[in-house]
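So the protein sequences, as listed, match chains V and Z.
All residue numbers for the first sequence refer to the working numbering, where the first residue is 37 and numbers rise by one.
All residue numbers for the second sequence refer to the working numbering, where the first residue is 205 and numbers rise by one.
These aren't lab readings, by the way, just hints derived from the structure by calculation.
Possibly wrong hints are sitting among the right ones.
With beta-carbon atoms standing in for the labels, derived distance ranges [to be verified]:
no., chain 1, residue 1, chain 2, residue 2, range
1, Z, Ile252, V, Thr185, 26 to 32 Å
2, V, Asp134, Z, Arg241, 15 to 21 Å
3, Z, Met205, V, Asp121, 48 to 54 Å
4, V, Ser72, Z, Arg301, 29 to 35 Å
5, V, Lys88, Z, Gln256, 19 to 25 Å
6, Z, Gln256, V, Glu188, 33 to 39 Å
7, V, Arg97, Z, Gly300, 16 to 22 Å
8, Z, Arg301, V, Ala140, 34 to 40 Å
9, Z, Arg268, V, Ala140, 17 to 23 Å
10, Z, Thr250, V, Asp121, 38 to 44 Å
Just a few of them, taken from the derived set where beta-carbon distance is under 8 Å, the chain V residues facing chain Z [said to hold, decoys possible]:
no., residue
11, Glu125
12, Ser189
13, His191
Fair warning: this is a prediction, and the values are worked out from it, not measured in the lab.
Beta carbons: idealized from backbone N, C-alpha and C, even for Gly.
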Amino acid sequence: MFDSSILGETESVKSAVEHADVICTATPATAPLISSEWVSPGTHFNLVGSYKPGMIEVDERVIRRAGTIVVDSAEACPPEGVHADQMVEIGTLVEDPDCGSTVAPVSTLCEQVRLSGDVTVFKSVGIGLQDVAITHLVVSRAEEMKIGTVVESYHN
Amino acid sequence: MSLLVLSAQDVNTVISTLRPNELERLMASVFRSLSSRSGHASPHRTSIHMPQHTALFMPSRLDRIGTAIKVVSVPTSPVDMRGLPASTVLLDEETGRARAIVNASTLTALRNAAGEYHPEPLQHTARQCWILCIHRLCPSNTPPTFEATYVFGCIRRRKTDRGAYTPPYPRISLSQAVYHHQPDSERSSRQPLVCTSPIPSLDHV
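Take these sequences, add in the hints, and give me the full structure.
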């Protein structure tokens, strides 16, 4: 399953995984590339690669070890075998950012998620609303900075 | 009324002025809006098959922010190295007219590196995701720093980027499959990081 021909230097990957605090996978692989046995307790996973059923980024035992996993959208594609009651949306874990200059976590909920297993997992597929927000920010800033090409009377 | 056109270069120029805090606050409000089940609309994307691509049309709206549709053309051939062309049309809230058309390739990477396999956005995503899952579900507000190992099955190169790969950071070394990054500012709270990004059947490093 963890074929060295896929990853190349399997031993150094294994060693890197064993010593990692954070593992970020951006792979559309259909077979897991990291074995649960390599993963030390306390490791955090950011899974941003898979986006449709059949894609598997990490060993399913890693997901089970996490207990509750964090997702960007509960309606998007969860890792295989994860049910609704094992997911919490990241939007419920942060306070309203209007209240301060930095993003503040909802501590009690975060702690519940952290203590639900010996590793933590965030599964993100990316949501369309992020596009609207970033595009709006970039366009507003470009207008202020007078960057870009303006097509005058486009609408006339 | 005019239309603003932002090229990939324009977008990069603007992005370089954005502060991480600014993006983090923006994304926090987006995620909160999604979880509150109000204040937004995000109908399911529509796809159309073209001879060389699958075109994805992704409309969405956030109240008080705006309405937009992003169009991404995903190559149908796994050996197509021309990248993922993406544009977003942003509508004016008051008039309903197109306010801007924006090259969205970089913005997609900024949002989520799922479709982008260059180390630099991956690094960015690793920092973002999301703010490292709120600093690993811990109330500490210390921004995380990393010693990173990037694991690549292979790297997808852009067509314009066929030469030898040059790591974007001075202290990175690139070996056949494992890629190390040591941040310039070393701190006691160093957090080793592993990123994987294997793309089956594409050219190997």
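Could you see if the CB distance from arginine 97 of chain V to glycine 300 of chain Z stays within 16 to 22 Å? Taking Cβ atoms as reference, arginine 97 of chain V and glycine 300 of chain Z lie about 51 Å apart, which means the hint is violated.
Could one say that the CB atoms of serine 72 of chain V and arginine 301 of chain Z fall in the range 29 to 35 Å? Cβ of serine 72 of chain V to Cβ of arginine 301 of chain Z: about 53 Å, so the range 29 to 35 Å is violated.
Pairwise beta carbon distance, isoleucine 252 of chain Z to threonine 185 of chain V, judged against the given window 26 to 32 Å: At 28 Å between Cβs, range holds.
At a threshold of 8 Å, is the proposed contact between glutamate 125 of chain V and chain Z supported by beta-carbon distances? holds (4 Å)
Can you tell me whether the CB distance of glutamine 256 of chain Z to glutamate 188 of chain V sits inside 33 to 39 Å? holds (34 Å)
Status of the hint placing histidine 191 of chain V at chain Z (closest C-beta pair under 8 Å): holds (5 Å)
Between the beta carbons of aspartate 134 of chain V and arginine 241 of chain Z, is the distance compatible with 15 to 21 Å? Once the Cβ atoms are compared, 19 Å apart, the range 15 to 21 Å for arginine 241 of chain Z and aspartate 134 of chain V holds.
Satisfaction of the hinted span 34 to 40 Å by the C-beta atoms belonging to arginine 301 of chain Z and alanine 140 of chain V: holds (38 Å)
Is the gap between the beta carbons of methionine 205 of chain Z and aspartate 121 of chain V within 48 to 54 Å? Given about 50 Å between the Cβ atoms, the range holds.
38 to 44 Å as the expected CB spacing between aspartate 121 of chain V and threonine 250 of chain Z, which holds or is violated: For threonine 250 of chain Z and aspartate 121 of chain V the Cβ distance comes to about 31 Å; the hint is violated.
Could you say whether the range 19 to 25 Å given as a hint is met by the Cβ separation of lysine 88 of chain V and glutamine 256 of chain Z? holds (20 Å)
C-beta pair arginine 268 of chain Z, alanine 140 of chain V: status relative to the range 17 to 23 Å that was hinted: Check passed, 21 Å falls within 17 to 23 Å.
In summary, the structure is inconsistent with hints 4, 7 and 10 from the numbered list given earlier, while agreeing with the others.
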